[in-house]
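*Asks:* Can you make the complete structure from the sequences, with help from the hints?
2 protein chains.
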Amino acid sequence: MEPDDEGSVLTQLRRGTLEYCVLAYLAQGPSYGQDIARALGSDPVLFGSEGTLYPLLTRLRRRRWVETTWQPSPAGPPRRYHALTDEGRAALRAFAQTWEPFRAGVDRLMKGAQ
Amino acid sequence: MEPDDEGSVLTQLRRGTLEYCVLAYLAQGPSYGQDIARALGSDPVLFGSEGTLYPLLTRLRRRRWVETTWQPSPAGPPRRYHALTDEGRAALRAFAQTWEPFRAGVDRLMKGAQ
DNA sequence: ACAAGGTACCGAGTGTCGCAAGGTACTTCA
DNA sequence: TGAAGTACCTTGCGACACTCGGTACCTTGT
Numbered sequence: 001m002e003p004d005d006e007g008s009v010l011t012q013l014r015r016g017t018l019e020y021c022v023l024a025y026l027a028q029g030p031s032y033g034q035d036i037a038r039a040l041g042s043d044p045v046l047f048g049s050e051g052t053l054y055p056l057l058t059r060l061r062r063r064r065w066v067e068t069t070w071q072p073s074p075a076g077p078p079r080r081y082h083a084l085t086d087e088g089r090a091a092l093r094a095f096a097q098t099w100e101p102f103r104a105g106v107d108r109l110m111k112g113a114q
Numbered sequence: 001m002e003p004d005d006e007g008s009v010l011t012q013l014r015r016g017t018l019e020y021c022v023l024a025y026l027a028q029g030p031s032y033g034q035d036i037a038r039a040l041g042s043d044p045v046l047f048g049s050e051g052t053l054y055p056l057l058t059r060l061r062r063r064r065w066v067e068t069t070w071q072p073s074p075a076g077p078p079r080r081y082h083a084l085t086d087e088g089r090a091a092l093r094a095f096a097q098t099w100e101p102f103r104a105g106v107d108r109l110m111k112g113a114q
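Chains as they are written, first to last, in our numbering: chain A, 1 to 114; chain B, 1 to 114.
Heads up, some of the hints might be wrong.
Stated by the list, open to error - Computed footprint of chain B on chain A, listed as stretches where at least three residues anywhere in the stretch have a Cβ under 8 Å from a Cβ of chain B:
no.	stretch
1	23 to 33
2	40 to 50
3	87 to 100
Unchecked claim - Chain B residues, not near chain A, derived (Cβ > 10 Å throughout):
no.	residue
4	Gln34
5	Asp43
6	Gln71
7	Thr98
Claimed, not checked - Simulated restraints, written as ranges between beta carbons of each label pair:
no.	chain 1	residue 1	chain 2	residue 2	range
8	A	Pro74	B	Arg64	49 to 57 Å
9	A	Arg15	B	Arg63	16 to 24 Å
10	B	Ala94	A	Pro101	22 to 30 Å
11	B	Leu56	A	Asp107	19 to 27 Å
FYI, nobody ran anything at the bench for these hints, they're computed from the structure.
Every residue gets a Cβ at the ideal spot worked out from N, C-alpha and C, and that includes glycine.
*Replies:* This is the structure:
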C-alpha cells in the first residue's frame with residue numbers, strides 16, 4: 001500500500017486509540033463484535049475493517065479489560081457479549097489522561113504550522 | 001514491555017502523527033536533527049528518543065517532503081538542515097484535514113464514556 | 001429435505017513505524 | 001593527546017491495524 005495514501009494515514013492514527021475507542025463504546029453497555037463493528041464503523045474515521053476487531057477483542061480479554069459471555073441471538077448464531085471490567089474502566093481513564101495532553105500537543109503544533 | 005504501561009500507550013499514539021509533527025515544526029523554518037529533537041522533546045508527550053528521528057527524517061527525504069543541505073556549525077560537526085518542500089506543505093495540509101475529524105471522533109467517544 | 005444467504009466469530013501472514021542501544025565522526029579545550 | 005560535547009546514522013525488535021480467507025449457526029424458499 002502506498003505510504004502517502006490517505007487511508008494509511010488513518011491506519012497509523014488509529015494505532016493505539018482503536019482499542020480504547022472500543023473500550024469507550026463498551027462503557028455505554030455490553031455489546032458483541034458485529035454490533036461494535038457497525039457502531040464504530042458508522043464513523044468511518046475511527047474504524048477500518050472487521051478483521052481488525054476480533055484480534056483486538058481477544059487482546060482486551062487477555063488483559064482482563066473485558067469479560068465475555070455467550071448469549072443466544074434472536075436470529076442467527078450466538079453472540080459473544082463483551083462487558084467492561086473494573087480494570088478495563090481504569091485503563092480507559094488512564095488512556096483519557098494520556099490522550100488529552102497528546103491531542104493538545106498535536107493541535108498546538110498544527111495550529112502553529114499554518 | 002508491559003502492555004498497560006503508560007509509556008507504551010504514548011508510543012502507539014505517536015504512530016503516524018510524529019512525522020507530521022516534525023513537518024509542522026519545519027513549517028516554521030528549516031532546522032537540523034538535534035534541534036528538532038530538542039524542540040519536540042521539550043513537550044515530552046510528542047517525542048520519545050533520538051533514535052526515532054533519523055529514520056523518520058530519511059523517510060521524509062525519500063518522499064521529497066523535505067530537502068536537505070549541509071551547513072557548517074559554529075562549533076562542532078556540520079549540520080544537515082531540512083527544509084519543507086511544496087509537496088511537504090501539501091502533505092501537512094492533508095494530514096491536518098485527516099487529523100481534525102479523527103481527533104473529534106475520539107473526543108466524542110471519550111466524552112460519552114464517563 | 002436441502003441449498004442459499006445472512007449473521008457471527010476467528011486466525012495466519014504482512015507491513016509500518018516508534019524505540020532502545022550502539023556506533024562513527026568532527027570540533028574544542030584542558 | 002585525550003576527554004567532552006555535538007551531530008549524524010544503523011540494527012534489531014515489538015506492537016498492532018490490515019487483508020484475506022475460513023468456519024459455524026440459523027432462517028427461508030422451493
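*Asks:* Hint by hint, where does the structure go against what was stated? Just the numbers, ascending.
*Replies:* 5 and 7
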